[in-house]
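Turn these sequences into a full structure, and let the hints guide you.
Protein chains: 2
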Amino acid sequence: MTIRVMHVGLGPIGIGVLKQVVERPGFEVAAAVDIDPEIVGRDVGEILGFDDKVGIEVQRELEGALADHEADVVALCTGSTLPSIHSQLESIFRAGLPVVSTTEELSFPHFSNEALAGEIDKLARNAGVAVVGTGVNPGFAMDTLPIVLSAACERVDSVTVDRIQDASVRRIPFQKKIGAGLDPEDFRQKADRLEIRHVGLTESVAMIAAAFGWKLDRITDVIEPKIAEEPVASSYLSVEPGQVAGLIQDGVGYRDGEPVIRLHMEAYLGAPQTYDAVSIEGSPSMYTKVEAGIPGDIATAAVAVNTLPRALVAPPGLHTMRDLPIPSWWAGA
Amino acid sequence: MTIRVMHVGLGPIGIGVLKQVVERPGFEVAAAVDIDPEIVGRDVGEILGFDDKVGIEVQRELEGALADHEADVVALCTGSTLPSIHSQLESIFRAGLPVVSTTEELSFPHFSNEALAGEIDKLARNAGVAVVGTGVNPGFAMDTLPIVLSAACERVDSVTVDRIQDASVRRIPFQKKIGAGLDPEDFRQKADRLEIRHVGLTESVAMIAAAFGWKLDRITDVIEPKIAEEPVASSYLSVEPGQVAGLIQDGVGYRDGEPVIRLHMEAYLGAPQTYDAVSIEGSPSMYTKVEAGIPGDIATAAVAVNTLPRALVAPPGLHTMRDLPIPSWWAGA
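Residue numbers (the working numbering), protein chains in the order written: chain A, 2 to 334; chain B, 2 to 334.
Hints are supplied without guarantee of correctness; some may be wrong.
The list treats identical chains as interchangeable, and a pair is accepted whether it falls inside one copy or across any two copies.
With a straight-line cut-off of 16 angstroms between C-alpha atoms, the simulated EDC-like cross-links for lysine to aspartate or glutamate are [said to hold, decoys possible]:
1) K216 <-> D184
2) K54 <-> D163
3) K290 <-> D163
4) K54 <-> E292
5) K54 <-> E24
6) K20 <-> E155
7) K54 <-> E64
Rather than coming from a laboratory, the hints here were simulated on the basis of the structure.
For clarity, every value in this text was computed on a predicted model and none was experimentally measured.
Next comes the structure, spelled out in structure tokens:
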């Protein structure tokens with residue numbers, strides 16, 4: 002069995018997904034769509050920097066690609082917010098294709114945007130296709146993983162997840178996204194305009210609460226700059242003391258006034274350790290650590306690609322990682 | 002919503018499941034069945050050592066309990082092997098009840114006993130109920146957890162899971178099951194008669210391979226005694242140097258002649274560390290460690306109880322942890 006994938010959106014994440022689909026057994030590229038004039042008309046092999054062409058050229062128009070395709074499923078990597086992908090989803094559903102999307106807000110939209118989540122669910126059901134939003138975070142490291150680990154507990158009092166990353170090894174868009182190299186004042190302004198932020202902590206908190214059956218009073222999501230105390234540098238950027246090295250972001254879910262779900266991210270140049278850790282307080286309490294962390298770039302694409310086979314066979318409608326069968330790498334055999 | 006549970010089998014594991022169902026919100030005991038004359042006729046609260054009665058007396062006959070019940074689901078904890086529970090499953094299915102069982106061979110029976118697995122699946126489908134075998138191991142620590150972690154990978158070359166336990170804090174039947182206190186010769190004879198063994202490594206190896214889509218040449222499952230080098234003791238047992246402190250067991254799955262899935266268990270009195278660790282070689286490679294381990298007794302019951310809500314809503318047929326939605330603790334709200 003080979004799963005034929007239409008790629009919509011070829012930014013850094015979309016390129017990562019495309020690369021795996023080209024390289025991994027069990028998957029092949031059926032079509033590729035992006036609005037960037039720099040890549041429209043070019044072969045996807047060329048875009049990936051491969052010696053050989055793949056035989057698929059990037060198209061400009063989604064509707065055109067959908068009108069004449071041989072795809073089984075769409076990998077949608079165009080935006081972070083639900084409104085930004087709403088009309089794209091409508092078009093894709095109309096063409097009868099299921100969707101795996103790296104859209105962060107789609108990973109668990111029921112909390113932030115119940116109305117639009119309901120509409121997307123209805124559209125997908127009417128079209129008879131499944132849609133799911135996923136990636137490494139949200140979608141895996143700070144929601145699926147703690148949820149799965151909780152299955153060994155007879156009681157959970159609280160959950161804390163730490164995702165700590167030395168950003169110097171990440172791609173440049175990621176380094177910019179976390180504000181590395183900015184002055185603190187610029188960071189604050191960009192954060193206020195939502196130009197600097199990790200999207201998804203609210204969704205992950207809400208997914209964990211839903212899995213546990215906890216009703217939360219509220220979810221907070223707060224971003225602070227990590228100020229460099231000494232000079233730090235990546236291959237792309239140099240940061241002086243007093244400038245921003247990256248961000249610290251906390252998503253917290255409160256229940257009866259108590260912070261019961263705490264998702265803590267640090268992503269900055271020069272972080273001394275990179276790791277993911279899940280701490281469950283309860284019976285039993287458990288501390289689980291992924292040494293060296295779950296690498297964001299490969300893993301976001303991997304989680305999305307590994308979810309493609311799930312979306313093909315899932316019942317029609319809007320799914321989340323919480324209600325799909327356990328995720329897994331797949332050899333493509 | 003309260004899930005009403007009929008408990009069938011009240012050995013140590015069945016008692017652990019019963020205790021959680023009595024104590025946890027969202028669950029209640031509907032009936033209890035066991036053949037042990039010591040407990041037949043007694044209130045389950047008394048058996049658990051509680052001050053108060055629960056109002057449910059242990060019945061001797063499964064058929065009698067099934068003929069007149071108000072249960073939603075059965076927790077079946079009577080045996081480790083498929084043949085030992087086959088006729089019990091037939092009776093339970095006939096009464097229209099779904100089943101969560103801690104029967105180790107049921108956790109992934111497709112490899113060892115495809116014929117009986119197929120028959121159980123057919124019986125369950127005909128009865129319109131779901132059945133699943135689970136627990137901490139098999140069912141969670143050495144199969145579900147590595148499978149879920151693999152979802153962050155674009156390529157997996159091999160998986161190693163280590164489950165290392167200091168057995169001195171475990172219950173006495175567990176200490177006996179691992180051969181603690183025996184002479185090496187007695188251990189070997191009991192191991193040959195299958196009286197000493199952890200049941201489930203083969204099932205866990207087969208489940209991982211199925212999730213990945215790997216065809217294995219063969220699965221080996223080998224038990225060795227861990228010989229005490231100095232005196233060790235638990236509250237129940239003393240072990241002299243030269244005697245057996247516990248067992249070391251390895252389940253290995255081979256693909257194209259290479260050991261690609263290695264499940265390594267050590268359970269002995271005086272093990273210096275207790276932990277679970279999953280090591281994936283691939284892209285990315287990842288090392289994940291549960292510090293202090295996933296405690297066997299609480300967690301086996303917890304995984305089973307946390308699976309009860311899944312079995313209620315799963316489609317009819319034989320399921321495994323691999324195809325159910327991600328497992329989770331549930332607050333019972």
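These are the hints, each one checked on the structure:
{"no.": "1", "hint": "K216 <-> D184", "result": "neither (39 angstroms within a copy, 55 angstroms between copies)"}
{"no.": "2", "hint": "K54 <-> D163", "result": "neither (41 angstroms within a copy, 43 angstroms between copies)"}
{"no.": "3", "hint": "K290 <-> D163", "result": "both (9 angstroms within a copy, 15 angstroms between copies)"}
{"no.": "4", "hint": "K54 <-> E292", "result": "neither (37 angstroms within a copy, 47 angstroms between copies)"}
{"no.": "5", "hint": "K54 <-> E24", "result": "within (13 angstroms within a copy, 62 angstroms between copies)"}
{"no.": "6", "hint": "K20 <-> E155", "result": "between (42 angstroms within a copy, 10 angstroms between copies)"}
{"no.": "7", "hint": "K54 <-> E64", "result": "neither (24 angstroms within a copy, 67 angstroms between copies)"}
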